[in-house]
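Chemist: Taken in sequence, the protein lines are chains C and Y. According to numbering that gives the first Met the number 0, the first sequence is numbered sequentially starting from 0. According to numbering that gives the first Met the number 0, the second sequence is numbered sequentially starting from 0.
Some hints here could point you the wrong way.
Selected chain Y positions facing chain C (Cβ under 8 Å, derived; list incomplete) [stated by the list, open to error]:
| # | residue |
| --- | --- |
| 1 | T116 |
| 2 | L142 |
| 3 | G144 |
| 4 | A149 |
| 5 | L153 |
| 6 | R170 |
| 7 | R209 |
Far from chain C by the CB rule (all over 12 Å, computed), these chain Y residues [unchecked claim]:
| # | residue |
| --- | --- |
| 8 | V32 |
| 9 | V88 |
| 10 | L131 |
| 11 | E163 |
Note that these hints are calculated values from the structure, not bench results. Just so you know, even glycine gets a beta-carbon here, dropped at the ideal spot from N, CA and C.
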Amino acid sequence: MSEAVRFDDVGIVQGGRTILSQVALRIADGAFVGVLGGNGAGKTTLMRAILGLVPVTGRISLFGRPATRGNPLVGYMPQRRAPLAARLSGRTLVAAALDGQRWGIALPSAQASREVDRVLEQVGAQALAARKLDELSGGERQRLLLAQTLLGDPKLLLLDEPLISLDPKRQAEMVALVRDVQQARGIAVLFSAHELNPLLGALDQVLYLGNGQAALGSVDAVITSESLSRLYAAPIEVVRSNGRIFVMSDTRIA
Amino acid sequence: MLTGLFSYGFMINAFLAAMAVALVAGPVGYVLVLRQQSFAGHALSHVGFTGATGAVLLGLPPLWGLVAVTLLAGLAMGLLGERVAGRDVAIGLVLAGALGLGLLFLHFFTAYAAQATALLFGNVFGVDRATLLTLAGLGALTLAGLAAIARPLLFASLQPELAEARGVRLRLVSVLFLGLVALATAGCAQIVGVLLVFTLMVGPAATAQRLSPRLGVGVALSAGLALSEAWGGIVCAYATDWPASFWITTLSGAGYLLSFLPGLPGPRRERPPRRPGPGPLPAPSGGSSS
Chain C
0 MSEAVRFDDV GIVQGGRTIL SQVALRIADG AFVGVLGGNG AGKTTLMRAI
50 LGLVPVTGRI SLFGRPATRG NPLVGYMPQR RAPLAARLSG RTLVAAALDG
100 QRWGIALPSA QASREVDRVL EQVGAQALAA RKLDELSGGE RQRLLLAQTL
150 LGDPKLLLLD EPLISLDPKR QAEMVALVRD VQQARGIAVL FSAHELNPLL
200 GALDQVLYLG NGQAALGSVD AVITSESLSR LYAAPIEVVR SNGRIFVMSD
250 TRIA
Chain Y
0 MLTGLFSYGF MINAFLAAMA VALVAGPVGY VLVLRQQSFA GHALSHVGFT
50 GATGAVLLGL PPLWGLVAVT LLAGLAMGLL GERVAGRDVA IGLVLAGALG
100 LGLLFLHFFT AYAAQATALL FGNVFGVDRA TLLTLAGLGA LTLAGLAAIA
150 RPLLFASLQP ELAEARGVRL RLVSVLFLGL VALATAGCAQ IVGVLLVFTL
200 MVGPAATAQR LSPRLGVGVA LSAGLALSEA WGGIVCAYAT DWPASFWITT
250 LSGAGYLLSF LPGLPGPRRE RPPRRPGPGP LPAPSGGSSS
């Protein structure tokens, strides 16, 4: 199987702090990978590095080519910091990303309209798109933003904390939706989250970040007391209970 | 009593100048409101006051000083980036400082108190042919510039992180846009004065955003509202002999208030109350961990 993402000896230092140090990993094409780790472990930075937005040492390759900014093979859902323009329709928001990096003005075109319809349909958001953003719930907005990542047929999705501020029911819906899209299109997904449990049924692999290191593998291989203790160089206890997993240290990590 | 509306050259100039300015202020203001930078636009016009009074002091046409200094300030604000463009206190201090400096320039140039009033509150009936041509040229330039950066500008305004990842140069777009805001502001200042630029840049745009969730409709509406408010103000001023700027601000404010009337598409209906608590916790769907 070919590789979607490959890190060779990758190091990232930001503001004097080492986020990643000499990390090597390979993520297979078509894999659903949960990106986990505590606050500040570098989940967002890792994604921004793959997008070519963060200077790195070593080499990051996507589908056999060096990672560069503006790669059309990559769809990205940033962790939302700024509030969305509340008075515009969902469709306007999604459409703005279509060729949004090109200079000039976007005149209405049937082709552009079809492409927007296509991605909306893939996530079942056609009805949402007509409504104003401030009339949508958090889960509905995330659905639109997921549609937006699919513009231009990417082969890899980077989803930064899509579950944040959703209630458990909406979290489960979002995970199932991403899993459906990922399976239907056979694309790779990196899905970062604070909590492992909402992702458990969907993941092929987990990428655990901590202490400048990264551990990639199946949930059963990575989320163990030995593996995480080695990663953090500190005693970590993993407890499995009733189909759920709890990772604990002195303070709870994930 | 309105029969003489078009029988004077200065009236025709006033209508044409108002059109050249309003058709630019509407679209540029729309994006300004979308980016929540309206205070930055307000500050730019005050900086322009210093430029205009400085130009008068040097014996140059005030409009040139207004344009030059506003443009410089807009570009500088864009270069300094979010740290400044989003900071109310810093902008407010610059704004007050600029007005103070403008006052000093006026003090040295004591001959024209009328000049100060015209700069602060506008003088649409004082637009001569040369000024009209300058305004039309500035307007065409600004609209062309806006069209040239429209797509990345909208993308960067709605989702900066995503736009950056897709290759949009956020800083460059921001600088170019604030340059356009500066040009539009300078035009507005000629009609309604530096103190009332808000009335053409922000009023129609904010009203349009309440009335339509669609981008193209909103931008057209914003331009149309700016134009009708400016022209309406001129007609009312002709009929009453009260200042045109007063009427334009009144119409602009009234338009915004009217957009809150029930029955219009703009007002947001109250959302139904959320369910009292989260639903039952879903059982994990897979047994990959046991």
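Chemist: For every hint, state whether the structure bears it out.
Modeler: How the hints compare with the structure:
1. For T116 of chain Y, the shortest C-beta to C-beta distance to chain C is roughly 36 Å, which exceeds 8 Å, and the interface hint is violated.
2. Taking 8 Å as the C-beta cut-off, the interface hint given for L142 of chain Y is violated, the closest approach to chain C being about 10 Å.
3. A distance limit of 8 Å between C-beta atoms decides the matter here; for G144 of chain Y the minimum to chain C is near 11 Å, and the interface restraint is violated.
4. At about 4 Å, the closest approach between the beta carbon of A149 of chain Y and any beta carbon in chain C falls short of 8 Å, and the interface hint on this residue holds.
5. The criterion of a C-beta within 8 Å of any C-beta in chain C is met by L153 of chain Y, whose closest approach is roughly 5 Å, and the hint holds.
6. Interface restraint check: R170 of chain Y against chain C, minimum CB-CB distance 13 Å, threshold 8 Å, status violated.
7. Interface restraint check for R209 of chain Y: the shortest CB-CB distance to chain C comes to about 7 Å, inside 8 Å, so the restraint holds.
8. At the 12 Å boundary, the C-beta of V32 of chain Y falls inside the reach of chain C, the nearest C-beta of that chain being 9 Å off.
9. Non-interface status of V88 of chain Y relative to chain C is upheld: no Cβ of that chain comes within 12 Å, the nearest being about 20 Å off.
10. For L131 of chain Y, the requirement that its beta carbon stay farther than 12 Å from each beta carbon of chain C is met, with the minimum near 27 Å.
11. The beta carbon of E163 of chain Y is not kept farther than 12 Å from every beta carbon of chain C, the shortest such distance being approximately 6 Å.
Hint compliance for this structure: hints 1, 2, 3, 6, 8 and 11 are not met, and every other hint is.
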